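Engineer: Chain order of the listed sequences is A and B.
Mapped onto the working numbering, the consecutive letters of the first sequence carry residue numbers 188 to 470.
Mapped onto the working numbering, the consecutive letters of the second sequence carry residue numbers 2 to 252.
The hints are simulated quantities; they were obtained by calculation from the structure and are not laboratory data.
On a predicted model such as this, the values are computed, not experimentally measured, just so you know.
Some clues are possibly wrong.
Sample of chain B residues facing chain A (criterion: CB under 7 angstroms; computed from the structure) [to be verified]:
hint : residue
1    : P60
2    : T83
3    : R86
4    : K87
5    : N97
6    : A110
7    : I113
Even for Gly, the Cβ is constructed at its ideal location relative to N, Cα and C.
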Amino acid sequence: MTKKLKILIDWILLAGSTLLVCLILGVILWDIFSKGMSSISWDFVSQFPTHGMTQGGILPAIIGTFLLTIITTLFAMPLGVACAVYLNEYASPSLLTNIIRASIRNLAGIPSIIYGLFGLALFVQSLKLGTSVLSAGLTLGLLSLPYIITTTEEALKRIPNSMREATLGLGATQFETIKDVVLPRALPGILTGVILTISRAAGETAPILFTGVAFYINGITLSLDQEFMALPYHLYMLSTQHHAIEQVRPLAYGTAVVLIALVFLLNMVAFYIRFKHRSQQDV
Amino acid sequence: MSDSKLSAQGLNLFFGKKQVLKNISISFKKNQVTALIGPSGCGKSTLLRTFNRMHDLSPDARIEGLIKLDELNIYDKKIQVTEIRKRIGMVFQKPNPLPKSIYENMEYALKIHNFPKQEIPALIENALKESYLWDEVKDELNKPAVQLSGGQQQRLCIARTVVLRPEIILMDEPCSALDPISTSKIEELIVRLKKDYTIVIVTHNMQQAQRISDDVAFMYLGELMEFDICNNIFKNPKNELTKNYVGGHFG
Ligand SMILES: Nc1ncnc2c1ncn2[C@@H]1O[C@H](COP(=O)(O)OP(=O)(O)OP(=O)(O)O)[C@@H](O)[C@H]1O
Ligand SMILES: [Mg+2]
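Hey, can you work out the whole structure from these sequences and the hints?
Structural biologist: Below, the structure is given as structure tokens:
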């Protein structure tokens, strides 16, 4: 009797926790969408802000975030994948590689505002890139690197050794084996990790705060040495820094909806890649 | 021995502190099939993989002793390991075609060794014929190799090795994942191939060893217990352990 009761209580605790988490998520989403959907329109995503940002759209912030994301990916993906390949395929297990791995894990735990400060010191000042979308993208890249390295290493670990032996046994070099067999097989896993990491980075405010994001710019510029607007910062600014906070509330919620939709879209792409890969493996 | 193609002298192999091969000296004769037999874990695969330097990738493996291909020390620092693996091919327990088409699997082996482009199609056709696979696949060379049956995949792996014209082919239980019909096809193939190649094969199947091998080496706990012509090992073993093993009393 008591045992049955105990099992029941355990179940209620576990199921209840899950339910609670889903409920919180649901409430957050409902809150944002109910308050933000009224501002969503084609004009909202295709127009510049007007009248001191109390009206108009958020086009420059969308473009800024896209540009930023592309720079981050171009910087962090090749570097992170190369690093993971080195660690997993070349480096023999030793104290040094263990230290490197531990450092990478620790990097993932550093608060993002510290990356912002570091980016300011390194890219903006030392490398003289100025406050620009390039500096901000590189800073976000640094932030993303530990995650990309870790997920890529995991994807590489899932490739069975028999695949490597197939080509090595034919006299292929280790580099040929990695290029022709290991990376193509690991690509879906790598891409999933990269996309999830980048979608997280796209929502960051702190690292871009000191390195290039702007309150407002007029005119769309795609040049890398210019300041830019970004969705998360725009949202932060509308909700805390604006002179007419109450008036722009719907715009802030609208921006949040767009940001969430963007992140959701990236996650769906990652999900699709994983799904497609899984069904391919069954063949 | 003058007709020795591949030989090991005083071979010791350690994984970390654990010694897996103990003072093994053996020589494989040219154009013969030598079977390596012995209970699970005795070091057959480990021994086989020393011959094409597959242990190079395990950082904790340490090898002592000398392995010679003809007069060449294959662990010589000046020798490219890729060259060794071209001359000493390997077929694995589980068929492992690349996730590419049948043709591309064959082509890949030739491409990495920079064979002239115009020679490639004829070489591929020859090797597939030599491996008894041509008639089954000639109309669907662009089909993904993983869609072949297990036995066909294994013959493709053999063809992919043969296309490089190696001198030696190492096989690690090549039939253990296959049905009896596929197995007999591969056995037939092995016997045919020994005209041109020297073959070393690991097997757990005593009937198979008797059917296809000329020499047999019996290993036990990392040591080479007995090495003799096939008939002697099975009909007239000198070592008590060999007798018990081939008689099916343990292992
Ligand atoms: N990479 C490795 N690291 C440590 N020990 C290993 C490694 N590979 C093999 N061994 C050990 O070496 C011994 C011999 O293994 P091996 O695979 O050569 O046996 P085998 O004779 O091929 O057995 P089986 O018939 O089951 O294939 C085993 O005890 C195994 O645990
Ligand atoms: Mg084995």
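Engineer: Are the hints correct? Go through all of them and say.
Structural biologist: Quick rundown of the hints versus the structure:
no.: 1; hint: P60; in the structure: holds, 4 angstroms
no.: 2; hint: T83; in the structure: holds, 4 angstroms
no.: 3; hint: R86; in the structure: holds, 4 angstroms
no.: 4; hint: K87; in the structure: holds, 4 angstroms
no.: 5; hint: N97; in the structure: holds, 4 angstroms
no.: 6; hint: A110; in the structure: holds, 5 angstroms
no.: 7; hint: I113; in the structure: holds, 5 angstroms
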